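Work the whole structure out from these sequences, hints included.
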Amino acid sequence: MIDEPQEPPTGTQGDDPTEVADSPVEWINDHIQQYVETGGAEGADYLGYRALLLTTVGRRSGVRRRTALYYGQDGDDHLVVASRGGDPNHPAWYLNLDANPEVEVQVDGDVFTARARTVEGAERPRLWKLMVATFPRYAEYQEKTTRQIPVVVLRRVV
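Per the working numbering, residue 1 is the first one in the sequence shown, and the count goes up by one each step.
Please keep in mind that the hints were generated in silico from the structure rather than gathered at the bench.
In this text the structure is predicted, and so the values were computed from the model without any measurement.
Wrong hints could be hidden among the right ones.
Computed beta-carbon distance windows for the label pairs [unchecked claim]: (1) G121 to A41: 21 to 29 Å; (2) K144 to P24: 19 to 27 Å; (3) A139 to S61: 30 to 38 Å; (4) G86 to G39: 27 to 35 Å; (5) Q148 to T18: 33 to 41 Å; (6) G109 to T18: 17 to 25 Å; (7) A41 to G86: 28 to 36 Å; (8) G48 to A122: 26 to 34 Å; (9) T146 to Q33: 33 to 41 Å; (10) W27 to E143: 20 to 28 Å; (11) E19 to K129: 18 to 26 Å; (12) R126 to E19: 21 to 29 Å; (13) G85 to S61: 19 to 27 Å; (14) G85 to Q34: 17 to 25 Å.
Think of the CB as a built atom: it goes at the ideal place given N, C-alpha and C, for glycine as much as any other residue.
Below is the structure:
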């Protein structure tokens, strides 16, 4: 369950708090670099969808890890979906959130700390529908897998 603060892991790889490892997937890494270098002026709209940058702490390494994700909004909250294209396993960034829900988010030029929580119960159907309307392929991804694809709320920490 993602919403209780955890101590970030420590280790030789995670000792430098400024170190950030971007996605090993080349096209995602290129997208991240474009987003960062332009302060979100380029990359915040990606292939017709809104994108944010999410930085988590590696659950084993302690290294800060950054990825780009499509997002939706529910009021002031940002929503992301841990689809991994319908793969049977959760994406690594989601597993990292489970270990430490305090994350960094960049939306356009705005960088802020947020707390992540997985949507459960009565609110899930509404937010899942909102995210499928935001990016319709999520429905296809859910059809490909037996796991329930998580919807994650990213709430700004003030």
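Broken hints, numbered, in rising order?
1, 11 and 12
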